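Trainee: Letter by letter, the chains look like this.
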Amino acid sequence: MTVYLPIAEISVNLFLILGMGGLIGLLSGMFGVGGGFLITPLLIFVGIPPAVAVATVSNQITAASVSGVLAHWKRGNVDFKMGVVLLIGGIIGSVIGIWIFTLLASIGQVDLMISLSYVIFLGTIGGLMFIESINAMIKSRKGSGTRKKLHQHYWIHGLPFKMRFRKSKLYISAIMPLSIGALVGILSAIMGVGGGFVMVPAMIYLLGMPTGVVIGTSLFQIIFVTANVTLLHAISTQTVDVMLALLLMSSSVIGAQIGTRFGTKLRGEQLRGMLALLVIAVCLKLAFDLVITPDDLYTLSDGGN
Amino acid sequence: MRYACHRLVLSLLTLCAISTLSIDSVRAQSSLVTDISSHLISVTSDFTGTELLLFGAVKIDSDNEEQLSLGDVLVVVRGPEEDVVVRRKERVAGIWVNTDALEFTRVPSFYALASNRPVEEIAAPDVLNRLRIGPSRLRFGAENPEEIRLPFEEAIIRQKSRAKLYSDQETPVYFLGDTLFRTTVSIPANVPVGDYIAEFYLFRDGELLGAQSSPLFIKKSGLGRQIFDFAYDYPALYGMAAIIVAILAGWLAAAIFRKD
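Protein chains in written order, with the numbering used here: chain B, 1 to 305; chain V, 1 to 260.
These aren't lab readings, by the way, just hints derived from the structure by calculation.
Just so we're clear, the structure is a prediction, and the values are computed from it rather than from any experiment.
Built from N, CA and C at the ideal position, the CB exists for glycine as well.
Hints are not guaranteed to be accurate.
[To be verified] From the structure, some residues in chain B lie toward chain V, with a derived Cβ separation under 10 Å: (1) Ala71; (2) Ser173; (3) Leu300.
Pulled out of the complex, with its shape left as it was, chain B reads as follows:
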């Protein structure tokens, strides 16, 4: 059974798209990431134009994040003050990101930019996560119980404009969350991701936020950043395909519920290790595509305007 996507202007197999949405939901339920970094390459792989994939996935992530935040909010795991500061940075970042995206689209380098940013970010984060989870596995096997400090103090803590974030138990400069928010905003506009896979490590390791409030807070600000990206893409490139977004939303929601149940049965470092391998696999695939000689050296795109 096929369904015609009005903005992507192609017909796709309904069950293929639903299956992909379900799979991504499963992974995001297991690992606590939005899954945008996986679904965007998958959509491009089945023939959705990259620009449509990027814009539509940001719309889908808005839905997934709303669903996630509501669950975390009930448990009191959202630091709204931190979320708002990150968000201000995120909005600034997404405006810059859309501007870069439109500029690159006009000179024909947008596909390359999407692929390159994926390779760089997935490679770095996947590699770091993998090393970290291996270390954690070795440590837990040895059973050494040295307790870490709540968080360490770097030069970061000497910056001006300090703010107090009660829920995160932090007293830090507002510049840090602002710039992290901006970086994630740029990424989400260019790569069609919520940026959870950058945001979550940055909040834990750079800001030193307690892990409990990180995911809820990250999801909270991702709602607004991806909503903003959706709106900007709708206005400047007309590439948001609501039909495709709805299909992805409906199946990813179910997948996420199943994934959450799987996730609770596995240990934290095992989960992170598996996610790291997955991230590295996607990275290698994209890097490989950039290096091997393409079937056709020429590509067509709409001219003018």
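Got chain B sorted already, so can you dock chain V onto it with the hints?
Mentor: Just chain V, lined up with the frame of chain B:
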């Protein structure tokens, strides 16, 4: 859209001109009556492509007994013209990067040719060139010199053919009995929407005896059409609607699974 209409009218006029100029002398002998199975194809949300039936009859003047052969029939379906940017990749520092880009105008978004025998046997190359019969004889608008343009033009034809948007004599024209002929052109699911034109040419002994054309409209319809129009006519409202849909979907999902 207005452009497309303008071009349709222009090409219709050109066709009429061709027919009146070259056919006057032979009009008495034969003429062409043609039609297509549908003048409107609706691309709905479950559209998976369709087959278009093109048919007609060759009328032969009974006084002209020596003409035993019916002649040759060529059928062409052309889609609306568009502007296309073709980019060429080159290896830069180990990875493939778009480097050169050429812009072409007047590129038919769809082109299908059917004939009862290979077109090269039907008419002389200059006639085929003039009528732009076959994908390789299309003339795209471009500013660059021929030798630079050529590989880019070939890329357009190659990729459009791969996407099933260009086809070159893949389906034959069949004759039924003495005067009737028919052929089918497959319209793929990824067909661009717009104003199309179906052209019928009658040749005999390499000479153009008649030409006919019929308009064909391919339109998005149903929900897909409404979404598309909404997205392009009111982009800001569309964006906001997309966000509201996402928020409602997320809220609904959370509400459904709350008990867990």
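Trainee: Look at each hint and say if it fits the structure.
Mentor: Cross-check of the supplied hints:
A hinted interface residue such as Ala71 (chain B) counts as satisfied when its beta carbon comes closer than 10 Å to some beta carbon of chain V; here the least separation is about 6 Å, so the hint holds. This hint is violated: Ser173 (chain B) has a C-beta 31 Å from the nearest C-beta of chain V, more than the 10 Å allowed. Because the smallest distance between the Cβ of Leu300 (chain B) and any Cβ of chain V comes to about 5 Å, under 10 Å, the interface hint for this residue holds.
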